[in-house]
Every structure is written in C-alpha cells, then in structure tokens.
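Since the structure of chain C is provided, determine the placement of chain H on it from the hints.
Number of protein chains: 2
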Amino acid sequence: MMKSILLSAALLGGAGALHAALQTKTIEYQQGDATLEGVLTWDDAVSGPRPGVLVVHQWLGLTDYEKHRAAMLAQLGYVAFCADIYGKGVRPKTVAEAGAEAGKYKSNRNLMRARVIAGLDQFKKSELLDPNRVAAIGYCFGGTTVLELARSGADLNGIVSFHGGLDSPAPADGKNIKCPVLVCHGADDPFEKPEDLAAFESEMRDAKVDWRLIKYGGAVHSFTQPDPGFANPGARYNEKADKRSWEDMKQFFAEIFK
Amino acid sequence: MMKSILLSAALLGGAGALHAALQTKTIEYQQGDATLEGVLTWDDAVSGPRPGVLVVHQWLGLTDYEKHRAAMLAQLGYVAFCADIYGKGVRPKTVAEAGAEAGKYKSNRNLMRARVIAGLDQFKKSELLDPNRVAAIGYCFGGTTVLELARSGADLNGIVSFHGGLDSPAPADGKNIKCPVLVCHGADDPFEKPEDLAAFESEMRDAKVDWRLIKYGGAVHSFTQPDPGFANPGARYNEKADKRSWEDMKQFFAEIFK
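Sequence lines, in order, name chains C and H. With my numbering applied, the first sequence corresponds to residues 269 to 526, in that order. With my numbering applied, the second sequence corresponds to residues 269 to 526, in that order.
Source of the hints: derived by calculation from the structure; they are not laboratory data. Values in this document were obtained by computation on a predicted structure and should not be read as measured data. Think of the CB as a built atom: it goes at the ideal place given N, C-alpha and C, for glycine as much as any other residue. Take the hints with a grain of salt, since some may be wrong.
Said to hold, decoys possible - Lysine-lysine pairs mimicking PhoX-like chemistry, simulated, CA-CA at most 20 Å apart: (1) Lys476(H) / Lys476(C); (2) Lys511(H) / Lys476(C); (3) Lys518(H) / Lys508(C); (4) Lys508(C) / Lys476(H).
Claimed, not checked - Computed far set for chain C versus chain H, every beta-carbon distance over 12 Å: (5) Arg318; (6) Asp332; (7) Lys356; (8) Asp464; (9) Ala499.
If we strip away everything but chain C, and leave its shape as in the complex, we get (with noise of 0.2 Å):
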C-alpha cells in the first residue's frame, strides 16, 4: 500500500510533490482518574485511513525520542500515536526519578496494561486510522508495555520491542498473545538477564506465538538511543543495530500490514 501511494504520487506530481507535510496534535485521554497526554502524528500527503503504529516510551516518559520516532513512521506513510504510561508532566529527569517511575508499572501489570490500552483505544478513535491494521511498538521500558498489551489479548497486528524488559510475572498469559511479535535485542545487553531471555522464550513456545528474536552482536541496552540520558557502558547507541533494527522493523510492518 505504501508503495502504491508513493508510485502514485511520484507519477501525479512528480517527487516534488512528496514534500513532507508531518502534522501533530497534542491529545489528552484519560485511563481511571490519571490524564494523560500523548501526541498523534501524520503525514497530510497522505490521504484516508492507513495502517498505525502506537509507539510506547522509555523510562524517562514521552520525550522528543518518541515523537521523533513517530515522525519517522509517518514519514512512511503510517499514523503513529505515541502514548503516555506515566500521565501528563509525568517527566522524570533523574536515573532514580526514571527508575523509581517505571518500576511502578513494572511491578504492577495490571496497571501497566492498563494505562496501554487506554492508549491504543484513544489512538483507535482517529480517523487517519485504519483501526485493522495496527501495530505496537516500544523502547526499553515500553518493549515491556506493548509486549504486556500483547499479553493482554489486545487486537493487533503485531508489536516489536526493541531492548525491551522480556520478563513476565506471569508467563501463562503469553497463551493470550494473538498477533505476531518481533523482538529487537543487544546480544551483550547486561540488562537482560539470560534466564529472563530464557523464559521469554519458553513462554513463546509454551504459547505457540508467532515470534521471532534478533540479537544484534556488539549491541548492548539501549542500542537505538543516541542520547540514554545517562553515562552507563551498558546502554550505548549503536548506529548499525539501530539501523539494521529500524530495517527489520520495517520488514515486519511489510508483513503484517500486507
């Protein structure tokens, strides 16, 4: 489809008439008596509904990563929506503050997808969205949240997490896992612990998911992000797991969106 709208433009008009045209719109929702705010992103050049991805934030919260992410997609013809976990203003500046923020979410599933979902069904009410043709995506922190709406038995397309927290508190509901998951991991990330790496993959295969993992050589956490907003030697960007990352991404949406 992305094809077809990019071949028709450039036969109309011509490649100047691809000019980038990325709109946004700050959206506040709401999940039990939490506001939150989350930012939805298109291409104008595109027109009618098309298929979306709903990009989930690090630790930090939402921050210019994601939404530079979501222009990205849009850039590919996708409307992307980037959710918000914590709630509006909810911004941890600090390592401790970040840590202290996600692990709240982390230790409470429920709430986690929770708050994912109240982000799925407010992306879901945009008429720029083609709501059968959805995808999950999420950093770090959000790897954890779209792989824990995926468990949740969520309607999707597929999700990819990239260096995402693979552990479940409750391996079981991998059973409720409808769409297919890619998982985009460091090979040398010292975050991931192996025997968590190892249960994610018993409870795939326990599950019968449709799944698939990368590991990159030579990446470790954090690979896709040039600035991790902390000096920690086990969360470096890494251009060429980011790009190849990106690349595989693509190929997935390619896939599941056909």
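Just chain H now, with coordinates in the frame of chain C:
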C-alpha cells in the same frame, strides 16, 4: 543497484522486457586431486559484472534444492555459484550416506575450508561477477561450511547461514572473520545444542565480529527445505520461517552490497 536495473528495464522496454532469461552452466574444477562439479546461474537480462552469491549445499550434496535457490538469486539480479564440496558424482542417497559424507568434512575443517575456498576461487573467475561484491550462503551443512569459509579469513562481503551447525573446533579462528555474519536459526532446532549456540555467540563476541542471529519461533531444523529427504520431526519445512529468512537475507544483501 538491483532497483535501478529493474527500473531502467521497466522504463526502457516495459514489463515485457523483463522476461526470465535464466542461464546455467555446469563447471568442473579441482581441489587437490578431487574433481568438483558446480553450477553457475545468472540472468542474461542483466549486463556486466554484478554482485554474486556462493551457495553451499546441505548434507545430501549439491541437489536441485540449491540450484533452485541459485535461480531465485539470479532472479534478484545476482550471479550465483553452487559450490560442490563432496566431489563430482558424490551425491548421498540415504541418511547414513549423507551423515558419513558430511562427517568427513565436519571432522576435518581444513578439508572443508579447502573445498569451499576452491569453489570461491572458481566463482571469482567468472566475468559475470563483480569480485568486490561477493557473499556466501549455506544451508545446514552448507551453513557450517560458509562459517568455516569466513573463519578461514576469506575476503567476502558477508555470509548467511540457514539452519547451519554453528559449532567450531577452533573458536579462536573467529578472529579471522572479516565480514558481517547473519545466522538464521530455528528457535526449536533440536540438532543445535544450547551449548553450541552459546559457544558460537562467545566466539563472535570475543572476536568482535559484526554478527547477528535471528531465532524464528516455531521453526526446527531444515526449515527452508520443503523436502528434507528423510522423515524426522526435528527437521521440517516451515513456510513462515522460510519466507522470513529469505527476506532477512535480502535485507542483509542490500546492506552489504550497497
């Protein structure tokens, strides 16, 4: 480059100009006293030297399976050479014969390397090949063989193993690997021991190889091979993993040949 060729052909002559024009040529060559018989495959609609792919066979020796893969590669615009490791006419018909023949090379990695290097050298004599853009791929036994080719220090742009054995009797040879490595692995392959997988990762890590490994959920051994030639629940075709790994290979080629 592939795209520009296809686009040019489409613009110049319409889709009709892109008729399949696959050519094959059986080629005898030597390694020591052994006579080997490989097959070169290309599309004569493509002109001039082009990137090439050496294809190494499974434990049954060079069969129609590898020739079919070579045709698929030629259709993508590459020139492909199916190497012969076993020798002209050596084509095992039973599991016992195949195991014995493969075992000769698995237990003598120097001979395995000599045979595959002879194939690469023969391939490089072709005027159809751009000698600066050469990859090697292999299936099962052939996956092991292309890894050994890389471990020999061969000058290549990249290698891909499909359900290949990853074990090495000399892990220190990983330091000789000069090119990116892609391993396509069935996550449920019962013939690849967890300790061999772990040792392979350590070999790559210690030698700082540019590597990645993809685990395809639900796939066992021989997942790309519709007819493995013998009945074994641990070796079975998996259409999803077959198609995905082929796409992953194409993406890898797009990167290493750009």
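How the hints compare with the structure:
With a C-alpha separation of about 34 Å, the suggested pairing of lysine 476(H) with lysine 476(C) is violated against the 20 Å cut-off. The hinted pair formed by lysine 511(H) and lysine 476(C) meets the criterion: a straight-line CA distance of about 19 Å does not exceed 20 Å. Using a Cα cut-off of 20 Å, the hinted pair lysine 518(H) and lysine 508(C) holds, with the two alpha carbons roughly 17 Å apart. Of the pairs offered as hints, the one joining lysine 508(C) and lysine 476(H) holds, with about 14 Å between alpha carbons and a cut-off of 20 Å not exceeded.
Every CB of chain H is more than 12 Å from the CB of arginine 318(C) (nearest about 22 Å), matching its label as outside the interface. For aspartate 332(C), the shortest C-beta to C-beta distance to chain H comes to about 28 Å, beyond the 12 Å cut-off, and the non-interface label holds. Annotated as non-interface, lysine 356(C) keeps its C-beta farther than 12 Å from every C-beta of chain H; the closest such distance is 38 Å. For aspartate 464(C), the shortest C-beta to C-beta distance to chain H comes to about 15 Å, beyond the 12 Å cut-off, and the non-interface label holds.
With a minimum CB-CB distance of about 22 Å to chain H, alanine 499(C) clears the 12 Å threshold, and the non-interface call stands.
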